[in-house]
Amino acid sequence: MNFYSVIIGTELLNGRRSDSHFAFFNSELLKRGWAHKGSFTIKDEPEFINSVFQLIKNDPKSVMFSFGGIGATPDDYTRKCAADVFTNGTTEINEVAKEAIIERFGDNAYPHRINMATLPLNCGLLKNVVSNVPGFYIENRFFFVPGFPSMAQHMILEALDKFYPLNNEKNFRLTLSAYVSENDLVYTMESISSDVDMSSLPIIDGDLRYTVISISSNSEELSSAEFNKFVDYCERNNIKYILDDIKKI
Numbered sequence: 028m029n030f031y032s033v034i035i036g037t038e039l040l041n042g043r044r045s046d047s048h049f050a051f052f053n054s055e056l057l058k059r060g061w062a063h064k065g066s067f068t069i070k071d072e073p074e075f076i077n078s079v080f081q082l083i084k085n086d087p088k089s090v091m092f093s094f095g096g097i098g099a100t101p102d103d104y105t106r107k108c109a110a111d112v113f114t115n116g117t118t119e120i121n122e123v124a125k126e127a128i129i130e131r132f133g134d135n136a137y138p139h140r141i142n143m144a145t146l147p148l149n150c151g152l153l154k155n156v157v158s159n160v161p162g163f164y165i166e167n168r169f170f171f172v173p174g175f176p177s178m179a180q181h182m183i184l185e186a187l188d189k190f191y192p193l194n195n196e197k198n199f200r201l202t203l204s205a206y207v208s209e210n211d212l213v214y215t216m217e218s219i220s221s222d223v224d225m226s227s228l229p230i231i232d233g234d235l236r237y238t239v240i241s242i243s244s245n246s247e248e249l250s251s252a253e254f255n256k257f258v259d260y261c262e263r264n265n266i267k268y269i270l271d272d273i274k275k276i
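For the sequence shown, position 207 matches number 234 in my numbering, and the numbering has no gaps at all.
Please keep in mind that the hints were generated in silico from the structure rather than gathered at the bench. Keep in mind it's a predicted model, so treat the numbers as computed, not measured. Do not rely on the hints blindly, as some may be mistaken.
[Stated by the list, open to error] Label-pair ranges, simulated between beta-carbon atoms:
1) 265 with 197: 30 to 36 Å
2) 247 with 226: 34 to 40 Å
3) 211 with 246: 35 to 41 Å
4) 82 with 264: 32 to 38 Å
5) 100 with 222: 43 to 49 Å
All residues carry an ideal CB built from backbone N, CA and C; glycine is no exception.
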C-alpha cells in the first residue's frame, strides 16, 4: 500500500503553529513496516483540498490520513471535501456520531456542533478519547482525523491497528558509503533495475565528502545483485567504501 498524509492548516504554513502530525504518523508507519509515499501540508482552501484528495484517490493502492478541518466552524471544509471526492458529494447524518456529540455537549450540541455528524455516506467512525466527537473513514482506506494531536494520535493508532497492523512483505535494504562524488556513480545508477528502490545522498562534512547509496526491494536476491554493482564499481576503481549489513525493514 502507498501511504499519504494530508495536513490541513493555514496556521502551519504561516508559522502560527508547528506541525507534530507527520513525525508521529511516520513513526507509527515505520514501526509496522510501512512507509510514506507522500506528505502534503496545505492551506484551508476547498478547491485545493479537493485536488490533493483526488490526486491521492487516483492511486489505486493509496491509503490516506487527513488531519484537520473536520470541526463545526465555517473554515472547517474537510468533511464536505471528503464527500465531494470520495462519495460523489453525498452526505448523511451519521446517527452514531450524532448521539456521541449530544452525549458530550447536551443542549449545546445545537445549533453548530451537531453539524459534525453530517458525514460522507456510509463512512466508519474513529473514537475520540478527548471530546467524544468521532473521526471518520471511507472504504477502510481514507481516514479523517482532527487537527488536535491529542485527539488525532489515538485515532491513528486505532485505524492502523485495525486495518494496517503489519506489512508482511519485508523489504531488504543495503547501504554503502562510497568516498567519491555522486557524479562518479551516475553510470552505475543508470544501470540499476527499476524493480528496486535506489537513493543517493551526498554528504559533505568539512573536508570529507562521500556518497551514501541505498538499495531496497522485497527480494533479498535482487537487492544484493543490484547493490553489488556499486561494490564492483568501487573495487574496480580502488574507491574506498564502507558496507552496512543487510537490513530487513
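(message) Are any of the numbered hints broken by this structure? If so, which, sorted upward?
(response) As far as the earlier hints go, 2, 3 and 4 are violated by this structure, in ascending order.
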